[in-house]
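Build the full structure now, drawing on both the sequences and the hints.
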Amino acid sequence: MKKHLLATFIGLNMAAAAQAATPTMEEMWQLIQQQQSEIAELKQQLNNNDARITETEVAAEATISAVEQFTLSPVALSKTTFGGYGELHYNSLERDNASASKDEIDFHRFVMFTGHQFSDDVRFFSELEVEHSIAGDGQVGEIELEQAYIEWDFAGQQRAKAGLFLLPIGIINETHEPETFYGTERNNVEKNIIPATWWEGGAAISGEISEGLFYDLALHSGLFLDSGEYKPRDGRQKVGKAKADDMAFTGRLKYTAIPGLELAASVQVQSDMHQGVGDEIGGTLFETHIAWQRDAFQLRALYAQWDFDNAINSIAAGADDQTGFYIEPSYRVNEKLGLFARYSEYDNLAGNSNDTAVEQFDLGLNYWLHPNVVFKMDYQNQDAPGETGYDGINLGVGYSF
Amino acid sequence: MRRQTSAAADRYPAAAFLSLIIGLTLSMTSLAAATTAARGVFQSGPDFIAECFASQPSEKKTLWLTDELREQVSKILGHPIAGLRVRYHQNGSKTAWILEEIGKEMPITIGVMVDNHTIQQVKILAYRESRGGEVRYPAYTRQYQGASLKPDLSLSQSIDGITGATLSVWAVNKVAALALYFDGVVTQQRTDA
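Just so you know, the protein sequences line up as chains A and B, in that order. Per our numbering, the very first residue in the first sequence carries number 1; after that it's consecutive. Per our numbering, the very first residue in the second sequence carries number 402; after that it's consecutive.
Note that these hints are calculated values from the structure, not bench results. It cannot be assumed that every hint is accurate.
Said to hold, decoys possible - Where chain A lies over chain B, by a calculated footprint (3+ residues, C-beta under 8 Å):
(1) 480 to 491
(2) 528 to 542
(3) 560 to 572
Beta carbons: idealized from backbone N, C-alpha and C, even for Gly.
Printed below as a string of structure tokens:
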């Protein structure tokens, strides 16, 4: 570029000189001196321009980098995060013996998540829930703190947490945002046997043993069965001035090395569900499940069983064995639509010889308006002892963010 | 039947609990000191680029995010893209991209190598979320090999997800589609030129 400019300049000057009268040697010398001076001046201007261009490039790079650092760097992300989920349900159900019906609309859950990242390896997470829309004396709903814990990554792929946390049991206990499962209502087996959603206060460690193999170990507050109670769901103390005479232990192994597959088994042991009040009743929960997705097909199946001491039979005959299972195949028609069927069966009095099991068949669909917004519709057919099962339609809308 | 239990643990549950917490804390502190602090960083960007092009030289280039590009990128990511430009490496029909997308709360750094508009490799370079790290397993990322971009800006093949890590899976899917889109833009520019 510089050379081109100089050549052009010299060429023009020489052409102009040729057209004039033949100069003397003195005039030639002066002309050359003048041209040399102009060439030097032009060179200086080009050098100045080059310096300015370089400076402009550096300034532009610095500005772009500053803007990008502000918008892209993880540091620029808020250390405090906020999220939530919610679901509105409509149930139109009728009892098999026609003695009752259930036609109601319920904002079943309104949940807010708050988290804070104290440092790269220490964080806080919480979940606050309003159940059934309204809470207070005489109201149908509750305000519940379902998670509030400090988590610490104490080594590569190893974590510890302390506080109030969801127990590592089952499929939906830890992951239950509405768009992540089929069916308007959560399945009865995890609800009535495990019992989900189940949270306790204590401490836990978890991590990766090898590729795709994870463990969880937790020591935490336990269930408390008050006088006359025998169902695990009745024993949840929700960590509100909970009796802690007898702690419980939960362990889980989970295998997820194959894409689309989750295999897991959990065990919980508690030596006294009465927490030192009355006869000692110990219990052990065993749960195992598979969640398998292959292309558009998915299969979920779960089995859970509580084995209580025989003393519980004095409260309700057969309560020493409480079991349940379900199997749920589904098919994702496209990004928006998924169809499912579920057969479930649970029995809180499986230890007796009577027919006390509750069986339910569900058939329905999820329609994802957005990956985080789902509409649900399903039909349920429930058979329970004494014709007390409910049949009918459930509709729902849910979201999470 | 009355169950026989540990007398000490039953009599002093609080003490047993505290002992366990203290014991766990001490053992974890020791383990933490002995373990590498590089949690979640699996490969550096330069190493990924070097791996992609092996002994072949690659040219470092910049794709400026014009309004037209931003509009398409928003359709892929489901939100506007941050930043003014994207840097990439290219050698002939092969391009390599290092992109970030937030899983649940933290960004996942993902390397994608594309050749002839088809994904050759997806690699998780850094994972910062506390759950869902299974997306970094080769068994998972191998699913993207051979994927191309459909006209509707989605991937040409289905990806089996990970239960409980849906957001991380979505993030990797989006970045894979984004790298294919960017590759299409820069290789088209080259053809036009």
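Determine which of the earlier numbered hints do not hold for this structure and return their numbers in increasing order. When the structure is compared with the hints, none of them turns out to be violated.
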